[in-house]
Amino acid sequence: MASERPGPPTYLGKPTISPFPAAPQTTMPFLSSGPVVGSEGTGYRANTPSGSNGPPMSSPPSTYASPNVGVHQRFPSQQYPAPVQQISNLRGPPAGQPVLPPPVLPSAQQVLPPPGSFRPQPQIPSMPMGSPPQSANLQPPRGIVPSSPLESSFSAPRSALQSSLHGYPSNQANLVSQVPPMQSPSFLAPQGGYVPPPPLAAPVGLSSREQMQHPGVGPPVGAMQNLVEEFQSLSVGSVPGSIDPGLDPKALPRPFEGDLMPNSIAKMYPLNCHSRYLRLTTNAIPNSQSLLSRWHFPLAAVIHPLAEAPDGEEVPIVNFGPTGIIRCRRCRTYVNPYITFTDGGRKWRCNICSLLNDVPGEYFAHLDATGRRIDNDQRPELTKGSVEFVAPTEYMVRPPMPPLYFFLIDVSVSAVRSGMLEVVAKTIKSSLDELPGFPRTQIGFLTFDSTLHFYNMKSSLSQPQMMVVSDLDDIFVPLPDDLLVNLSESRHVVDAFLDSLPSMFQENLNVESAFGPALKAAFMVMSQLGGKLLIFQSTLPSLGIGRLKLRGDDPRAYGTDKEHALRIPEDPLYKQMAADFSKYQIGVNVYAFSDKYTDIASLGTLAKYTGGQVCYYPGFQSSIHGEKLKYELARDLTRETAWEAVMRIRCGKGVRFTTYHGHFMLRSTDLLALPAVDCDKAFAMQLSLEDTLLTTQTVYFQVALLYTSSSGERRIRVHTAAAPVVTDLGEMYRQADTGAIVSLFSRLAIERTLSYKLEDARNSIQQRIVKALREYRNLYAVQHRLGGRMIYPGSLQFLLLYGLALCKSIPLRGGFADVQLDERCAAGYTMMTLPIAGLLKLLYPRLIRIDEYLQNASAKIDDFGKFSKSLPLTMQSLDSRGLYIYDDGFRFIMWFGKMLSSDIAVNLLGVDLSTFPDLSKVSLCELDNEMSRKLMAILKRFRASNPSYYQLPQLLRQGEQPREAFLLFANLLEDQNCGTCGYVDWMLQIHRQIQQSA
Amino acid sequence: MDWSILSWLLSFFILIALIGIIIFQLMCLADLEFDYINPYDSARRINSVVLPEFGTLGALCFLFLISGHWFMFILCLPYLYYNARMYMRRQHLVDVTEIFNMLNWEKKQRLVKLVYLIVLVFFTIFWMIWSVLDEDT
Numbered sequence: 001m002a003s004e005r006p007g008p009p010t011y012l013g014k015p016t017i018s019p020f021p022a023a024p025q026t027t028m029p030f031l032s033s034g035p036v037v038g039s040e041g042t043g044y045r046a047n048t049p050s051g052s053n054g055p056p057m058s059s060p061p062s063t064y065a066s067p068n069v070g071v072h073q074r075f076p077s078q079q080y081p082a083p084v085q086q087i088s089n090l091r092g093p094p095a096g097q098p099v100l101p102p103p104v105l106p107s108a109q110q111v112l113p114p115p116g117s118f119r120p121q122p123q124i125p126s127m128p129m130g131s132p133p134q135s136a137n138l139q140p141p142r143g144i145v146p147s148s149p150l151e152s153s154f155s156a157p158r159s160a161l162q163s164s165l166h167g168y169p170s171n172q173a174n175l176v177s178q179v180p181p182m183q184s185p186s187f188l189a190p191q192g193g194y195v196p197p198p199p200l201a202a203p204v205g206l207s208s209r210e211q212m213q214h215p216g217v218g219p220p221v222g223a224m225q226n227l228v229e230e231f232q233s234l235s236v237g238s239v240p241g242s243i244d245p246g247l248d249p250k251a252l253p254r255p256f257e258g259d260l261m262p263n264s265i266a267k268m269y270p271l272n273c274h275s276r277y278l279r280l281t282t283n284a285i286p287n288s289q290s291l292l293s294r295w296h297f298p299l300a301a302v303i304h305p306l307a308e309a310p311d312g313e314e315v316p317i318v319n320f321g322p323t324g325i326i327r328c329r330r331c332r333t334y335v336n337p338y339i340t341f342t343d344g345g346r347k348w349r350c351n352i353c354s355l356l357n358d359v360p361g362e363y364f365a366h367l368d369a370t371g372r373r374i375d376n377d378q379r380p381e382l383t384k385g386s387v388e389f390v391a392p393t394e395y396m397v398r399p400p401m402p403p404l405y406f407f408l409i410d411v412s413v414s415a416v417r418s419g420m421l422e423v424v425a426k427t428i429k430s431s432l433d434e435l436p437g438f439p440r441t442q443i444g445f446l447t448f449d450s451t452l453h454f455y456n457m458k459s460s461l462s463q464p465q466m467m468v469v470s471d472l473d474d475i476f477v478p479l480p481d482d483l484l485v486n487l488s489e490s491r492h493v494v495d496a497f498l499d500s501l502p503s504m505f506q507e508n509l510n511v512e513s514a515f516g517p518a519l520k521a522a523f524m525v526m527s528q529l530g531g532k533l534l535i536f537q538s539t540l541p542s543l544g545i546g547r548l549k550l551r552g553d554d555p556r557a558y559g560t561d562k563e564h565a566l567r568i569p570e571d572p573l574y575k576q577m578a579a580d581f582s583k584y585q586i587g588v589n590v591y592a593f594s595d596k597y598t599d600i601a602s603l604g605t606l607a608k609y610t611g612g613q614v615c616y617y618p619g620f621q622s623s624i625h626g627e628k629l630k631y632e633l634a635r636d637l638t639r640e641t642a643w644e645a646v647m648r649i650r651c652g653k654g655v656r657f658t659t660y661h662g663h664f665m666l667r668s669t670d671l672l673a674l675p676a677v678d679c680d681k682a683f684a685m686q687l688s689l690e691d692t693l694l695t696t697q698t699v700y701f702q703v704a705l706l707y708t709s710s711s712g713e714r715r716i717r718v719h720t721a722a723a724p725v726v727t728d729l730g731e732m733y734r735q736a737d738t739g740a741i742v743s744l745f746s747r748l749a750i751e752r753t754l755s756y757k758l759e760d761a762r763n764s765i766q767q768r769i770v771k772a773l774r775e776y777r778n779l780y781a782v783q784h785r786l787g788g789r790m791i792y793p794g795s796l797q798f799l800l801l802y803g804l805a806l807c808k809s810i811p812l813r814g815g816f817a818d819v820q821l822d823e824r825c826a827a828g829y830t831m832m833t834l835p836i837a838g839l840l841k842l843l844y845p846r847l848i849r850i851d852e853y854l855q856n857a858s859a860k861i862d863d864f865g866k867f868s869k870s871l872p873l874t875m876q877s878l879d880s881r882g883l884y885i886y887d888d889g890f891r892f893i894m895w896f897g898k899m900l901s902s903d904i905a906v907n908l909l910g911v912d913l914s915t916f917p918d919l920s921k922v923s924l925c926e927l928d929n930e931m932s933r934k935l936m937a938i939l940k941r942f943r944a945s946n947p948s949y950y951q952l953p954q955l956l957r958q959g960e961q962p963r964e965a966f967l968l969f970a971n972l973l974e975d976q977n978c979g980t981c982g983y984v985d986w987m988l989q990i991h992r993q994i995q996q997s998a
Numbered sequence: 001m002d003w004s005i006l007s008w009l010l011s012f013f014i015l016i017a018l019i020g021i022i023i024f025q026l027m028c029l030a031d032l033e034f035d036y037i038n039p040y041d042s043a044r045r046i047n048s049v050v051l052p053e054f055g056t057l058g059a060l061c062f063l064f065l066i067s068g069h070w071f072m073f074i075l076c077l078p079y080l081y082y083n084a085r086m087y088m089r090r091q092h093l094v095d096v097t098e099i100f101n102m103l104n105w106e107k108k109q110r111l112v113k114l115v116y117l118i119v120l121v122f123f124t125i126f127w128m129i130w131s132v133l134d135e136d137t
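Chains A and B supply the protein sequences, listed in that same order. All residue numbers for the first sequence refer to UniProt numbering, where the first residue is 1 and numbers rise by one. All residue numbers for the second sequence refer to UniProt numbering, where the first residue is 1 and numbers rise by one.
No wet-lab data here; the hints were simulated from the structure.
Here are the simulated SDA-like cross-link-like pairs (lysine to any residue), alpha carbons at most 20 Å apart as the crow flies: (1) A/K628 <-> A/E823; (2) A/K575 <-> B/V50; (3) A/K583 <-> B/E33; (4) B/K108 <-> A/T669; (5) A/K583 <-> B/R44; (6) A/K562 <-> B/M88; (7) A/K575 <-> B/D41; (8) A/K347 <-> A/E362; (9) B/K108 <-> A/T659; (10) A/K429 <-> A/A496; (11) B/K108 <-> B/L80; (12) A/K898 <-> A/Q961; (13) B/K107 <-> A/T659; (14) A/K575 <-> B/R89; (15) A/K583 <-> B/D41; (16) A/K921 <-> A/G419; (17) A/K583 <-> B/N38.
Working from the sequences, and respecting the hints, build out all of it.
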């Protein structure tokens, strides 16, 4: 079957990079004029033996009437046996594709007859008169008839007679089919139905109103077959006299699949590193500035250098030993699969700067007849896009540092009362065995309230010695060493300290926080070695340098030019300290716990420039949030960390990385300093074109992360990728990667909130989307007469929704009242580092109904996939008889419907919901019954899919205000809330804006 | 040698000093761009001369004011106002963490200042020669 599909056609003479198994398509150009039914799998095919690939066959279309087997259920006006076929009949639902009830996405497909097509008209004669396929619109091929009288719909009322006068007797027709609405672009393409219209058919243009209303996939009228894969469209014109917005909310695209990695590029360049490490916003680099300026999205790469690889796909480690690492002499590119060996293997040509380099004697190997090295298969650096080199001493400015953890812990009254101190001490103690880098690991502690407490942990002591420094103006370190000790030597002292820490400050009533002086002191202790500084802060810094004011959340500041000042650090000390930390290889992670204002904007700056992260637990209570803190702190301490790292990305001539977004500090124009980086951090960087015209066919990128592993080895992790250079804007859109674009948008928007209003940041997202779609529309709309429809590339079908989600995400949402300032800033810091998959999950969370599964006694956890259907994030998805889980990767919200059978709640929670218990205080734990165990298994499975964070379940009963509105309803982003529009309105709004100046 | 020539001469040297400071800052930025120095040193060097620059300009304006060169004083005012505004907003120092993102802006700003100062120098030389000739006649 596949072989008969008309495959993606050759586009501009270049091989189309298509995600589909490309079928032979050489016959494409000839296809046009015959009544060739390009589809198979229906009874139709038997009558048209030519298949779509055959040369123009003269099989008379008399076979028409038979084949179309009751498709178009939703087209009431379809009385005629029109030669249409249902795509799903042809192919069956693709694996993993949710087949939803048929919300009618008419997809159209036509074939362009080349001028001079020789199909004689009389060969299509026997169509019963007056039975035009209503859904099949006749349309002269593009470029032949200059314009269409039609404006609003895609029905092209061009009579067949007219077109036959042009000498194209059987111009294409549309195959309007029904397909599941959620299809990915790869699903659309190759259905090559081809339906010849009856030449003497009654006037066409009959496309019914229903049809106009249904969002369609593919160009409804128009040209070549390949266009179907080029864009999708939605009709948004409303029916006159109806209040219906003309958009079927059910049919809008929704990313239930989560993050879809681009796979076409991996097929085209199999030697590329996996796209979990590096993703481009479009896998087609424009060849000129003018082309780039028409691509209104950022041209950028999102890099996740230490992404966790599944078992069996770990990055291979290569040790060149005395040879030294093979690098290009001029551009310092590392050896990679794309270099070419010449001169019998004595020289190699750099793929980035094309310089010929000598192959060192020890690395020499002969070439075989095809020019490959004979040892190619044994060399991972020549076969794998991702590889790790062991770096010799030239790559060290000092001996590799040991993993070093320093804890700066607030012990003021709020920290003790909330239980934070106890959880932290216990977690650190339980993680001590798993700290990476045994036996070199170093550890140290400093606690503070209005004074600083240092701890001498010398291994000869049996108990730690505490030293109190109360002079905050002139900080000094009371001991030259022994504040940082080797963990394996001083283990018993550290244990004793952590055991006594909670009780030591149990009676502490001090409310002050000398945070700034403590920070300085920690810096002094750590500056010798660098390492990771973990800050636990539960009050606003109030003493000494770096004290912060209660800038609070002044509602009057919102909407004015001063608004952004709330989101940037108040005291320049924090930026200065961050720069110093970065200089001395100290990475900072900030844990903040207060329910009151703690100025995360200022504290987070420390993490921002040191490659760290901000974890915010508003209103921390150990009984509720203890688990979450425990998991996340333990992960922070035990995950693989790259120490004293620097990262650089190189790319071929003509392109240049200009701006970088994420948590790091730029040490030179293109060198990112990352004192401590781990597998949960991603970075984004934007490209610009230097030369006006790129002459190469391919642009190569190489990311190199030079770091010290926990084992004390200096290593270089190198990811290499190639991307084609294109001359065609359509190709850029076709190869666009929604995930990477959304990641860039979120970072740019959050950066924008630091110097402009929230409103401006949201508008800028919208404007960019509008501009890009308008440009895209100009590419296609005119020639396909898509007047009233909204068209967008199939690759970007979810972008609009993600754009809306971004505008409603916590950092950008609403105004003063919608989100607490601290929460906003913390979420902003988190989103700046999130890898793409996590970000997309956060933006469009999963909403799943689980009560049916729980009640089904026979269902096992492995069957859960069958029950778990992601639902649109709208109130309409919630049924008061159900139990739902909302999972955004950071928390679970469990919503108990009012009419949920009471035994479910009793089984799961141990309480009866009808007694109206305070669910915010009820915690979910495994009870001794099947249902509870099943629920726990579900949660465990969900958590396994996102191990970076611990998803704390928050329980919610329907009608429990105001928690319900605040926790759940504000996050149902397809609804109208927070003074912003819903999904349908958003689409209409964007559509209007596109139209305005289109 | 009367007071007028002396004041012109003095302001001429002050202007040369200012131009020197600006060129020094531009050089630091250019070095940074070509990776000759690291951002910490670059920012430290630039920041160490920012306040002297502002002070020198203040002195120049004061000199124009007391020597009665109203026209030159008014010509200097926009520059003085700009500096004062930057200082009030605490944006006068280069931010080491964002220096690369701000590089173009910082350079542009200093180039404009440089051109402005050169124009002032020409005016000063003109007035100086004028007053010398004036004295001779």
